[in-house]
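*Asks:* Residues per chain are reported as follows:
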Amino acid sequence: MTQLILFNVTNGLIIGAFYVLMALGLSLILNLSNVINFAHGGFLVIGGYIAYTLEPYLGFWGALVASPFLTAIIGLAIERVMISRVYGRDPLYSLLLTFGLAFIFEDGTRFIWGANGKPFAIPAFLSQPLSNEFFFITGYRLFMVAMVAVMVSLLFLFLRYTRVGIRIRAGTLDLETVSALGVNVRALRSLNFAVGIFLAGLSGVLAGGQLGLEPTMGSGLLMPSFIAIIVGGVGSLPGTLVGGLLIGVASGITAAVFPSASEAIMYVLMAVVLLIRPRGLFGEEGMLT
Amino acid sequence: MSETHRKLAALAAIWVVLVCAPLWMPLVGGYTALGSRVLVLGLAAMSVNFLLGFTGVLSFGHAAWFGLGAYGCGLILKFIALSTPLGLLAGTLLGGVLGGMLGALIVRRRGVYFAMVTIAFGQVFYYIAFQWSSLTGGDDGLRPFYRQPLHLGFTTVDILQNSTAFYYFVLICFAAAVALMGFLLRSPFGRTMLAIRENERRARFLGIPVEMHIWIAFTLSCFFMAFAGSLYALVNNFADPRGLHYSQSGDFVMMAVMGGMRSFWGPLLGAVVFVVLQDYVSSITVNWQIFIGLTFVVVVLFFPRGLLGFLQARRRG
Chain H
1 MTQLILFNVT NGLIIGAFYV LMALGLSLIL NLSNVINFAH GGFLVIGGYI AYTLEPYLGF
61 WGALVASPFL TAIIGLAIER VMISRVYGRD PLYSLLLTFG LAFIFEDGTR FIWGANGKPF
121 AIPAFLSQPL SNEFFFITGY RLFMVAMVAV MVSLLFLFLR YTRVGIRIRA GTLDLETVSA
181 LGVNVRALRS LNFAVGIFLA GLSGVLAGGQ LGLEPTMGSG LLMPSFIAII VGGVGSLPGT
241 LVGGLLIGVA SGITAAVFPS ASEAIMYVLM AVVLLIRPRG LFGEEGMLT
Chain D
1 MSETHRKLAA LAAIWVVLVC APLWMPLVGG YTALGSRVLV LGLAAMSVNF LLGFTGVLSF
61 GHAAWFGLGA YGCGLILKFI ALSTPLGLLA GTLLGGVLGG MLGALIVRRR GVYFAMVTIA
121 FGQVFYYIAF QWSSLTGGDD GLRPFYRQPL HLGFTTVDIL QNSTAFYYFV LICFAAAVAL
181 MGFLLRSPFG RTMLAIRENE RRARFLGIPV EMHIWIAFTL SCFFMAFAGS LYALVNNFAD
241 PRGLHYSQSG DFVMMAVMGG MRSFWGPLLG AVVFVVLQDY VSSITVNWQI FIGLTFVVVV
301 LFFPRGLLGF LQARRRG
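For the protein sequence lines, the chains are H and D, in the order given.
Going by the working numbering, the first sequence runs without a break in its numbering and finishes at 289.
Going by the working numbering, the second sequence runs without a break in its numbering and finishes at 317.
Please note: incorrect hints may appear among the correct ones.
Claimed, not checked - Per the computed footprint, the stretches of chain H lying under chain D, defined by three or more beta-carbons under 8 angstroms from a beta-carbon of chain D, are: (1) 201-209; (2) 266-280.
Unchecked claim - The calculated lysine to any residue pairs, modelled on SDA-like cross-linking and capped at a C-alpha distance of 25 angstroms, are: (3) K118(H) / V286(D); (4) K118(H) / N287(D); (5) K118(H) / L308(D); (6) K118(H) / S163(D); (7) K118(H) / W288(D); (8) K7(D) / L308(D).
Rather than coming from a laboratory, the hints here were simulated on the basis of the structure.
Treat the numbers as computed from the prediction; the structure is a model and nothing was measured.
From the three backbone atoms N, C-alpha and C, an ideal C-beta is built for every residue, glycine too.
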């Protein structure tokens with residue numbers, strides 16, 4: 001029994017870690033640029049497939065490092081050419097634009113790499129279970145959670161202690177004032193977008209190692225990330241972190257008791273939070289409302 | 001020609017084109033069933049626009065109400081009664097009532113946040129339709145059921161076999177819904193919606209209960225949407241879980257924007273262009289989604305006011 005509960009809680013935490021990585025990127029972009037990036041799942045897929053393409057040349061570790069950067073560069077180009085043109089306009093347009101981009105990414109991936117799933121090899125020592133009793137805790141799963149923890153810590157340190165990070169947080173609160181103080185808001189938004197896409201690319205590589213690669217893998221992670229943001233509270237990155245872990249664990253535990261409701265529980269959680277605390281767990285009243 | 005005359009002429013032209021569609025559609029390579037489909041999707045896009053274009057509230061989860069309408073109608077026809085009007089009524093009520101209930105929960109949210117919450121809640125119904133296979137048929141969709149002949153007392157119209165008769169049935173339903181929509185928009189309530197769209201804060205200062213108005217507009221839009229969805233179940237004799245998915249919502253919003261969301265008829269034009277384009281592209285390539293995606297990008301970046309808005313701007317020079 002302990003094993004079953006532990007199994008599902010671990011599963012939930014790992015899934016939750018993915019949601020967190022996705023949702024933090026989405027949240028960064030949403031907070032500073034007021035854009036819901038529907039194409040975020042598409043960037044995740046691109047990150048995974050780039051790593052798949054690079055792996056024969058660079059090996060797993062090389063691909064793990066290079067792919068998120070390349071994905072971020074692609075993201076930066078798309079932000080400069082297209083998405084930056086709808087900043088400040090009705091959110092309708094950024095939604096439709098990124099929605100169209102998501103279509104292009106998904107079908108483009110299918111066109112380039114084929115519709116069938118691809119395996120993404122991970123180093124042998126990582127794929128071993130750590131003990132017989134807890135067979136579900138493989139080295140890779142621990143590694144993924146550790147990676148997410150490190151990246152999240154780095155992100156929070158970056159936002160807390162670097163000049164750019166502080167500007168990003170200030171811009172989230174009041175972009176006009178930040179602009180009036182002489183900060184190049186255009187560059188700030190581009191950089192912020194690139195950071196968000198970097199996280200998406202990294203999630204793609206990590207997810208590829210666990211589940212293999214498929215052109216549709218991104219869209220399945222998108223909706224839970226939305227819910228993580230809403231539950232945690234729009235405008236709050238710690239909220240997104242807690243929200244992601246919360247819905248991950250909740251759906252993990254539900255999967256043990258009542259498998260067909262493991263997806264629905266996230267929506268129930270969201271409805272309850274919105275009823276009791278409409279701004280979300282850590283949200284501030286007045287953010288983006 | 002004065003503005004009023006021009007409007008009347010345009011209105012007459014629209015209805016002549018719609019009424020004569022079974023005559024001219026075969027000439028341009030269409031077929032009557034395509035006409036019925038476009039009308040229904042056009043009605044759906046106009047329902048989205050009722051909220052988006054005239055109240056300024058963006059719901060990105062409206063496919064849920066469309067799909068609920070379809071399932072409501074289909075479930076009645078499959079399990080309860082072989083009656084087309086009853087199916088339409090049940091579908092409209094199912095989608096509309098659930099939409100109204102959700103609306104009450106989220107009506108205080110605005111902008112991006114509202115869009116996000118509507119997407120997420122819309123997905124709830126997608127998962128229910130997808131998971132509850134014993135009732136809904138799950139991934140395969142709800143079937144078999146068939147639209148039933150209409151008994152009008154003095155005669156019976158066979159809308160199942162005769163596709164022209166069915167087209168006119170859909171057209172009459174469409175006309176009734178659109179007339180009601182036009183009436184609502186011309187009423188003091190409709191004017192208040194415009195006032196909220198233009199300046200919510202000022203409307204609030206005037207003592208208008210803004211939340212109440214937005215909730216009513218949202219609920220009405222859900223009812224129209226569910227009605228369109230019920231008709232769509234009749235068009236296909238089938239209800240598809242993907243009809244509730246958020247990507248379907250995106251298509252509806254796109255139709256409204258592509259046609260021109262500040263005009264009453266724009267979304268219908270958008271639906272025509274979108275459906276024809278989708279049919280054509282998917283017949284020549286398997287990677288048709290790329291082209292649909294490109295259409296989204298091009299419309300947003302170059303024609304944000306839609307086809308009608310673009311034409312009006314050209315005419316004014």
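*Asks:* Does the structure keep K118(H) and L308(D) at a Cα separation of 25 angstroms or less?
*Replies:* violated (45 angstroms)
*Asks:* Can the restraint linking K7(D) and L308(D) be considered satisfied, given a maximum Cα separation of 25 angstroms?
*Replies:* holds (13 angstroms)
*Asks:* So if I understand the rule, the pair passes when the alpha-carbon distance is 25 angstroms or less; does K118(H) with W288(D) pass?
*Replies:* OK: K118(H) and W288(D) at ~22 angstroms, within 25 angstroms.
*Asks:* Tell me if the straight-line CA distance from K118(H) to N287(D) falls inside 25 angstroms.
*Replies:* holds (19 angstroms)
*Asks:* Would you say the region 266-280 of chain H counts as covered by chain D, given the rule of at least 3 residues with C-beta under 8 angstroms?
*Replies:* holds (count 6)
*Asks:* With the threshold set at 25 angstroms, check whether the alpha-carbon distance from K118(H) to V286(D) stays at or below it.
*Replies:* holds (20 angstroms)
*Asks:* Run the distance test for K118(H) versus S163(D): straight-line Cα separation, threshold 25 angstroms.
*Replies:* At roughly 46 angstroms apart (the allowed maximum being 25 angstroms), S163(D) and K118(H) break the hint.
*Asks:* Would you check chain D against the region 201-209 of chain H, counting CB to CB pairs closer than 8 angstroms, and say if three or more residues qualify?
*Replies:* It is violated, with 0 qualifying residues against the three required.
Hints 1, 5 and 6 from the earlier list are contradicted by this structure; the remaining hints agree with it.
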